[in-house]
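Chemist: Chains as they are written, first to last, in numbering that gives the first Met the number 0: chain A, 0 to 231; chain B, 0 to 291; chain C, 0 to 209.
By construction, these hints were calculated from the structure, which means they are not laboratory data. Virtual Cβ for every residue (Gly too), placed ideally from N, Cα, C. Where hints are given, some of them may not hold.
Restraint-style ranges between C-beta atoms, simulated for each label pair [said to hold, decoys possible]:
{"id": "1", "chain 1": "C", "residue 1": "Leu-134", "chain 2": "A", "residue 2": "Leu-6", "range": "34 to 42 Å"}
{"id": "2", "chain 1": "B", "residue 1": "Asp-9", "chain 2": "C", "residue 2": "Arg-203", "range": "58 to 66 Å"}
{"id": "3", "chain 1": "A", "residue 1": "Arg-27", "chain 2": "C", "residue 2": "Ala-67", "range": "30 to 38 Å"}
{"id": "4", "chain 1": "A", "residue 1": "Asn-56", "chain 2": "C", "residue 2": "Val-160", "range": "43 to 51 Å"}
{"id": "5", "chain 1": "A", "residue 1": "Pro-177", "chain 2": "C", "residue 2": "Tyr-21", "range": "26 to 34 Å"}
{"id": "6", "chain 1": "A", "residue 1": "Leu-13", "chain 2": "C", "residue 2": "Pro-64", "range": "23 to 31 Å"}
{"id": "7", "chain 1": "C", "residue 1": "Val-116", "chain 2": "A", "residue 2": "Val-84", "range": "22 to 30 Å"}
{"id": "8", "chain 1": "C", "residue 1": "Pro-64", "chain 2": "A", "residue 2": "Val-31", "range": "37 to 45 Å"}
A few chain A residues that face chain B, going by a derived Cβ cut-off under 7 Å, partial list only [stated by the list, open to error]:
{"id": "9", "residue": "Val-43"}
{"id": "10", "residue": "Phe-134"}
{"id": "11", "residue": "Thr-166"}
{"id": "12", "residue": "Leu-168"}
Some chain C residues flagged as far from chain A (calculated, every beta-carbon gap over 12 Å) [claimed, not checked]:
{"id": "13", "residue": "Phe-102"}
{"id": "14", "residue": "Gly-104"}
{"id": "15", "residue": "Glu-114"}
{"id": "16", "residue": "Ser-125"}
{"id": "17", "residue": "Phe-131"}
{"id": "18", "residue": "His-156"}
{"id": "19", "residue": "Lys-157"}
{"id": "20", "residue": "Gly-158"}
{"id": "21", "residue": "Val-160"}
{"id": "22", "residue": "Met-172"}
{"id": "23", "residue": "Ile-199"}
{"id": "24", "residue": "Val-202"}
{"id": "25", "residue": "Arg-203"}
{"id": "26", "residue": "Gln-207"}
{"id": "27", "residue": "Leu-209"}
The lines below spell out each chain.
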Amino acid sequence: MFWKLRLPLILTFLVGCVPVVTFFLAERVPGVSIVPTTVERYMVIIAGFALLLGVVNVVQGSVRRIAQRRPGWPFAISLLAGLLVMGSFGVLSALRVGPFQGLLAGPRGEVTPFLWMTRHFFDPLQAAIFSLLAFYIASAAFRAFRVRNLEAALLIIAAFLVMLGRTPLGEYIFRWAPGGERWLPGLTDWFMAVPNTAAQRGVIIGAALGAASLSLRVILGIERSYLGAKER
Amino acid sequence: MKLERLVRLDRRIIYLLIAVGTLLPILWRIGFPVSPTPPVQALFARLETLGPGDIVLASFDYGPTTAPEITPMARAVLRHCFERRIRVVAIALFPLGGVTMGGEVLGEMAAEYPALRDGEDYVYLGYKDGTQAAMKLMGASFASVFPFSNAGVPVEEIPLMQQVRNYADIDLVVSFSTNVIGEWWANLVNAQFGVPVAVGTTAVWAPKHFAFLDSGQILGLLGGLKGASEYEHLLVAAYPRLEPLYERAGVYTAMKGMDAQTVDHAIIMLFILIGNAAHFWMRRRESARRPG
Amino acid sequence: MGQVLGLWIGAFLTLCVFSFLYRDNPFFRFAESLFAGISLGYYIGTVSANTLAPNLFRPLFRDFPNQAHLLIPLLLGLNLYCRFIPRIAWMARISLAVYIAYFVGINMVQKLQGEVVPQIGATILSPWGGAFTPLDNLILITGVVCVMVYFYFSIEHKGPVGAVSRLGIWFLMVGFGAAFGYTVMGRVSLLIGRMNYLFIDVVRATRQIL
């Protein structure tokens, strides 16, 4: 029980207090700053290990899918192939072996294998998958965006103001009036700087207070879900 | 009957209209005018006050998913720095593409200024994990976070980095960010270390950054493709010799992209209006048909 | 030639993804799975080359006597992977506790000192004045207070509190509308980039070799 729960909770408290306490003490007490800087150095490294946890999960899941011939198992092969090729190029680039001289262009400007894969596989796939959203937002705007009440009307007026005012369309609409090309863009500038800022600020303050209280609950050991344990 | 068909229009026709609306202005440039806004002008004005003795930290916190919006603003800001001989220390804190985005954009822009030297006028330190930890640690020592440059050169051997110990030696941070990292430069680095911060961010995140702009935590904001086009416009107006770079055929710029943006906005607004008009007309017809 | 071949591969993969707009099909599924694998491989590459090699392994191997303390993050990092071995999965909690606790601690200070205090400070204004009109400050203060009342769920939203909360909802709708407008801009930009890639970059490169 001590090793599985108490020790992690004690460590959570001790390590969680470091950034909070040293924030106040670092400039007032000489020598204290060595603690947060050392911990931060370690955290940069541990974050690297943590980022790769997902890789192991995905590899396990894909291997199981292939072994059990679950629906869609051939695509798990392409997933693993992509992961192995790109991953091995990356590791070889880290070791600077042969043509794998780093992640970017080599010392004589030559394109390294990792960079070639990034430019012609990683970049197009990432960009294409996310560019589908443009089609979806247009479809959703037509089929689902309905002004059923005052709140929805306010939302749509605000959206139109931004979509018009943040493009040259806004300048063309009132061009016929003297100084008219600045009316809509100017209104949009005011709109973003005042009502929008007010709304965003309220959300930021509320969310920040919530996040800070959750952080305190984690440090004090009240919130334990991150350890897979029940809340105290 | 026709209204029902309109309201239930096959989504693939909508997709086709959007695709055509995007493609035509790319192939045949319209050349809509661009008018700068105060948040963009603020960053431009700040860079205009910096010169050869100053150092800007450029953080590439985005990947290929938002490159069409953010790469043009990164290019414009770097060109501005290099025109004014402002020295640039470039890093990347976004794991999915930041390191290659940073290396490619910095390399492209540096190639336009052959008189500038890598290691003296600019340096690329690469990517680092643990974003917030790295940001905090740079307040004490850049060398602790980046012991080597991206090219593998020890940082103590790089002339530019011999003059950059921590944030106190940086005159301005410009973060090109795709998500919350831009906010962290404001609410962590600016708040705790006082270094001036400007953010160029994707349009999706821009509205939230207005609150940080208003509170003074960021001094300038480039929001989305519009923000990038405004910065390009300001740059070309102040440095006319750069105009041919932005007029080159086949080279993507934010000013060119705004043509397609404008057409697509018009199409989407029309969709919303038509969809709502059809919906209300149908509801009116149904309530007229209902007895009593 | 490698550049043109690469552009054609990129174009093929882009079209595989776009084929989903017509309907789900094996080309899209292939591109989707490749996307996942390549992205994870990219993670491996950047973490290895940019963090683990320069910040951990190179100092450890080159100057072990002075850098032996780096064994601590090495062991803590490797310990995270114990979660995949059922018998010793509990050991990963130690590393997880350290990792999560530190970032939670930073987050707490960041949120309070970096967001709550400056944002509230920027709202303490004279009600009469502003950058655009004299009513700006009043609108800003009213909006922030009303939105925060809306998010206060410990009392029932009726009577005067209900009215203030309603005004808060209107401000929120205005904020969401602005967010929607900017989101449209953001999403469309991504499509512009892909169309430019397909119809300008790929076509030009192909023309050059033909």
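Chemist: Arg-27(A) and Ala-67(C), beta-carbon distance inside 30 to 38 Å?
Modeler: holds, 31 Å
Chemist: Find the nearest Cβ of chain A to the Cβ of Gln-207(C) and say whether that gap is larger than 12 Å.
Modeler: The claim holds: Gln-207(C) sits with its nearest Cβ about 17 Å from chain A, beyond 12 Å.
Chemist: Checking a non-interface call: every C-beta of chain A should be farther than 12 Å from the C-beta of Val-160(C). Is that right?
Modeler: holds, 15 Å
Chemist: The output says Arg-203(C) does not contact chain A. Does that hold with a beta carbon cutoff of 12 Å?
Modeler: holds, 16 Å
Chemist: Confirm or reject the claim that Leu-134(C) and Leu-6(A) have a C-beta distance inside 34 to 42 Å.
Modeler: violated, 58 Å
Chemist: With 7 Å as the cut and Cβ atoms as the points, is Val-43(A) at the interface with chain B?
Modeler: This hint holds: Val-43(A) lies near chain B, its Cβ roughly 4 Å from the closest one there, short of 7 Å.
Chemist: Quick one: work out the minimum CB distance from Phe-131(C) to chain A and report holds if it exceeds 12 Å, violated otherwise.
Modeler: With a cut-off of 12 Å, Phe-131(C) comes too close to chain A, as the shortest Cβ separation is near 4 Å.
Chemist: Say whether it holds or is violated: His-156(C) keeps its Cβ farther than 12 Å from all Cβ of chain A.
Modeler: Non-interface label stands for His-156(C): nearest chain A Cβ at 15 Å, farther than 12 Å.
Chemist: Assuming the hint says 22 to 30 Å, is it satisfied by the Cβ distance from Val-116(C) to Val-84(A) or not?
Modeler: Because 49 Å falls outside the window, the suggested range is violated.
Chemist: Please confirm whether Gly-158(C) is truly not at the interface, meaning its C-beta sits more than 12 Å away from all C-beta atoms of chain A.
Modeler: It holds; Gly-158(C) is separated from chain A by about 20 Å at its closest Cβ, greater than 12 Å.
Chemist: Is the Cβ of Lys-157(C) farther than 12 Å from every Cβ of chain A?
Modeler: holds, 18 Å
Chemist: Classify the label on Ile-199(C) as holds or violated, using whether its beta-carbon is more than 12 Å from each beta-carbon of chain A.
Modeler: The claim holds: Ile-199(C) sits with its nearest Cβ about 14 Å from chain A, beyond 12 Å.
The structure does not agree with the numbered hints 1, 2, 5, 7, 8, 13, 14, 15, 17, 22 stated previously, though it agrees with the rest.
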